[in-house]
Amino acid sequence: MSVPVYGYVALSGLLFLIGAIGVLVRRNVLVILMCVELMLNAANLALLAFGSAHQSLDGQVTVLMVMAVAAAEVAVGLALIVTLFRHQGATDVDEVSLLKG
Amino acid sequence: MNLSDAPILSLLLAVPAAGALLLVLLDGRRPGLLKGVALSTAVVELALSVPLFIGFRARAGAIQFAEQWAWIPALGASYRVGIDGLNLLLILLTTFLTVLGILSSWTAIGRHLKGYLIAMLLLEVGMIGVFVSLDLLLFYVFWEATLIPMYMLIGVWGGERRIYAAVKFFLYTMAGSVLMLVAILVLYFQNAQATGNPTFDLATLTRFARTLPWSTQVWLFLAFFVAFAIKVPLFPFHTWLPDAHTEAPTAGSVILAGVLLKMGVYGLLRFAFPLFPQVAQAAAPYISVLALVGILYGAFVALVQPDVKRLVAYSSVAHLGFVVLGIFALTPQGLSGGILQMINHGLSTGALFLLVGMIYERRHTRQIAEFGGLWRALPVFSVLFLIVTLSSIGLPGTNGFVGEFLILLGAFRARILFGALGTLGIIFAAVYMLWMYQRVFFGPLDKPANKSLTDLCGREILTVAPIILLILFIGWCPGPLLATIEPAVQQLLALFG
Amino acid sequence: MLQYAWLVLVFPLAGVLINAFFGYRLGRRACGALATVAVALSFLWGVGILAGLLNLPAEAREVHLALWDWIVAADLHVGLSLLVDPLSVVMLLVVTGVGALIHLYSNGYMREDPDYARFFTYLNLFIVGMLLLVLADNFLLLYLGWEAVGLCSYLLIGFWYQKKSAADAGKKAFIVNRVGDFGFALGIMLIFATFGTLGFREVFERAPVTLQAGGAVATAITLLLFTGAIGKSAQIPLYVWLPDAMEGPTPVSALIHAATMVTAGVYMVARTHVLFALAPVSSAVVAAIGTLTAIYAATIALVQTDIKRVLAYSTISQLGYMFLAVGVGAYAAGIFHLTTHAFFKALLFLGAGSVIHALGGEQDMRRMGGLFSKLRVTGITFVVAWLAISGIPPLSGFFSKDEILAAAYHSGNVPLWLIGLITAGLTAFYMSRAVFLTFFGDSRVSHEAAHHLHESPPTMTVPLAVLAVLAAIAGLGASAFNGFLEPVFEGAHAAEAGGLPEAALIALSVLAAVVGIALAWLMYQRRAIAPERIGARVPSLHRLLYNAYYVDYGYQRLVVRPLHALAQWLARSFDLGVIDGIVNGVPALVSGMSRRLRGWQSGYVRRYALSLVFGVVIVTTVALVMVRTI
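Residue numbers (our numbering), protein chains in the order written: chain A, 2 to 102; chain B, 78 to 574; chain C, 784 to 1413.
Treat the hints as calculated values from the structure; they're not laboratory data.
These numbers come from a predicted model, not from an experiment.
Heads up, the beta-carbon is just placed ideally off N, CA and C, and yes, glycines get one too.
One or more of the hints may lead you astray.
Unchecked claim - Subject to a maximum C-alpha distance of 27 Å in a straight line, what follows is the list of computed DSS-like cross-link-like pairs (lysine-lysine): (1) C:LYS947 x B:LYS524; (2) C:LYS1157 x B:LYS524; (3) C:LYS947 x B:LYS528; (4) B:LYS528 x C:LYS946.
Stated by the list, open to error - A few chain C positions that, by computed beta-carbon distances, are all more than 10 Å from chain A: (5) GLY998; (6) ALA1319; (7) LEU1349; (8) SER1385; (9) TYR1387; (10) VAL1388.
Go ahead and model the full structure; you've got the sequences and the hints to work with.
Pasting the structure below:
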């Protein structure tokens, strides 16, 4: 018994939406990063679903790529957050507006 | 081993790059070591460039010491270098002035010495690259690569308004070279479309450019021309020069005036002329008028400058006006004179900046009004300055005369009026240079700060003396240089039928 | 011998190099002696060349020596090559002969100057340049020598550089000369464009064929060349630098600004006589400008009070005579006057220098007088020179001036001759005035100066004596001189005789001289006519003459100041305002726009994220709509 592809896509869309809303409404940098991860994984899920639906390996390969990149991104992102915390003493993104024009 | 088989040109590019790399690895707190490494790199480079002159066969005419490897095969870009009568002397000038530039910064650079020396050596790589490239993409890369170290030299080690001057220099030149990049790409894609064989090779594109419609040729020529005219700088694109010169450290000014400006003229001769000879011929009268305006305008504006360096900068505008007038005369003497005058200007203006730098190091001012009667305090300095001044005003017996006379003769044969107006420039050159000389060196030595000045030390004399010797040598025996240039001139003339 | 003619250049060049590098280490005496010996050796070598030339048959006296290729570019071949012929040898001997004497004189005159090595280096360098000028075998090398002597003139006028007036005068000389050189350079280019060569021999051989006699090209070439001569030889309108050049040390005035360099223009016209023969209009212009300058400068000299200025205007006037000569085709006469003038004018300057030296720097004739008994040698030699320049037979000036006047008369241009004759009278007058004011009458010397009054040392008086002998007897060699130069000026048209007989012309010119001297004697010696009264009668004329017709003032107002104002305007308003304004305007425009746009950058990351989402939504919608429509 297999779950139809639209089920995966719907789940993926839901996860993506949760992630996006999280990025927009939360102010804690750590949570924002996690929400971004959530969005990435939502996309991964969709890729896998389409891959298996089309009997193609491309989806899985891309997901592996994305996971690798995401790992690197998390590493860099966490490092940035740590530095930011040391520097500003806060993890609130609204406190960090040095790039204001 | 046969001299012309050795990959001298690649070595010329590699040596300063290696020197710069070595400097990166060295301890920045040992200035003596850093300077020693930089200087010996430059000297080795100079020594390497001499075999080019010896091995060069003036009669051959074709590209010599050529090297070619694939660089980006997918794009059809290749590493293609070689020399002929056009660039040989400029390469020698570059290696020569770099040595003097490093010598002149021996005591003048207080901070970030390591970075400074690295910038100098990287600049040398860029300049040599510009002169030897025979591939448009390679040329463009080197052309842009010279900007960065020069930008650093002005922006980090410059005078008070260094940031303004550096940014202006960078953006102005950049604006021009973007136009050139567009033109290069147009040529590239048109050629690829027409022949199905994408390449940036100059020779191939030269053959192809003839087949383009006239209007395309005009636009492309204009794009190249503006890029080069800004670099020259030709009136009215000259205003970045006085600022850059005034703010740059001594060696920066020397290289800027001595070599970087020549890249503009060289670009015209190497690329704009062969690619679009008909357009160049049609545009010659208009460009000559700009050159003439530059000659007279530069002289007039130089006359009233209160700062010696700005004065010399405007004199460069006038001198480069002569060079452009000569090459756009499209006559044998005009072209020979123009190419020779590039070298002459590099020597005499380079020496002027070196000398101004020496007095600046002592007095920390360049205002003419702050000097007066310096001959009494600095006789050796004054004599050297005088000889260079005379070279700059084209007195016979100095190198300046040979170049200027050939240029004016060439212009005169092309259009009598242009020759005559250009000759007016020699009067004004005498006016502004001698007036400056008089105000700085003659008159009573009445400023207290000037009385305690010490004359040049051995290293300083050693820095300027080679230029003085060359000034006199070229003034009396320009034969070897003119013979080197001759085949290139013949080749250029063949373009115009 | 003739093959080694280039050695004349080597001696002074060696002097330049040694004195430039080691002059101060050699010490004062050795330095001066070295410079003098170098020029003397050149002179001796010149005598040898003369002998070598005399050994050749008259028509073969033209030797071309190619040393090396100088400038070679396509069809332009200019060699560093020398031409030895009677004309250049005469000039060579004058330059080195008078030059050696003046070098010797300088040993005494510059005895107290701390900058002796620099002085002798310049002086020797001048000799090198002048020899290059007269020995050049092509126009470009001539130009090189021309500019080289101009440089030395600049350096030597401004020798006492700490004096602003001296430095100014040097600069003025150089720049005014450059104006003339502008024409000269254009002339050279036109010659090359016409003949395809710059060699004298080739140009002169081809000229009669290539150039149409009286044609525009021939006229243009010769007028342009003459422009150069006007500058170098201080003719109207470019003479203004020469009076100021008197700021230089007196030996310099004697050597450069009287005897040799300023005559280069005459030499050049004589050298290119083949071209001038083809351009009658130009020759007429030369003669007219020469004559005009002669009388013009003579009138100014009438009222000057500075002894060197009198001599300076006198030099301008005498140069005018020489141009009159070459303008009417009497080239040999012009060169002959050049030679005799070199003797007596150098003598006058050196004599004046001796007086100035004796008076401790005083140059104003109003504070001299009665010096003849104190300065015996100077006085006697000065009197010889005075009589020579006034044209009293049998001194040299009489012969050479008479030749010129006769040639002017026979050329059929009587007004020129008449003006020349009047000028001769004026010359006699102002020179007599100078002599009476300086050497005779009551002493008006200041007490302090009188105390130190002394005759100059032998290094100064020996040259005076030698020059006095030459100035006295040189005229006797007139016919030999003309015969020697004859082959050079072969083509020059001889003036046809007619009108007044020769004797009458001679009588008239002697009469003019005598009248001039007598008048001056009456005014300044006997005081029968007080000069002050005449001056008071026509004060405006006196002021006009005294200020040299306000020409300098006019140049200052009409040329120098407007050009300077133009330069100021270009530099301040146009270059910084307009051109740089446009350049800086573009980035100003861009940064103005970006200033408006940067309000969008709030710096809040979440706002960026929100706009990101909106962007995605918009792009997706558009994409979907487009897919639907396809």
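Okay, the hints, checked on the actual structure:
Our distance criterion of 27 Å between C-alpha atoms is met by LYS947 of chain C and LYS524 of chain B, whose separation comes to about 15 Å. Using a Cα cut-off of 27 Å, the hinted pair LYS1157 of chain C and LYS524 of chain B is violated, with the two alpha carbons roughly 44 Å apart. A hinted pair counts as satisfied when its Cα atoms are at most 27 Å apart, and LYS947 of chain C with LYS528 of chain B qualifies at roughly 18 Å. Between LYS528 of chain B and LYS946 of chain C the alpha-carbon distance is near 17 Å, which keeps this suggested pair within the 27 Å criterion.
No Cβ of chain A approaches the Cβ of GLY998 of chain C within 10 Å, the least distance being about 75 Å, so the stated non-interface status holds. Non-interface status of ALA1319 of chain C relative to chain A is upheld: no Cβ of that chain comes within 10 Å, the nearest being about 85 Å off. Chain A leaves LEU1349 of chain C outside its interface by the beta-carbon criterion, the shortest separation being 46 Å against a cut-off of 10 Å. A beta-carbon of chain A comes within 10 Å of the beta-carbon of SER1385 of chain C; the shortest separation is about 6 Å.
The beta carbon of TYR1387 of chain C is not kept farther than 10 Å from every beta carbon of chain A, the shortest such distance being approximately 6 Å. The claim that VAL1388 of chain C is not at the interface with chain A is violated, since a C-beta of that chain comes within 10 Å of its own (minimum 4 Å).
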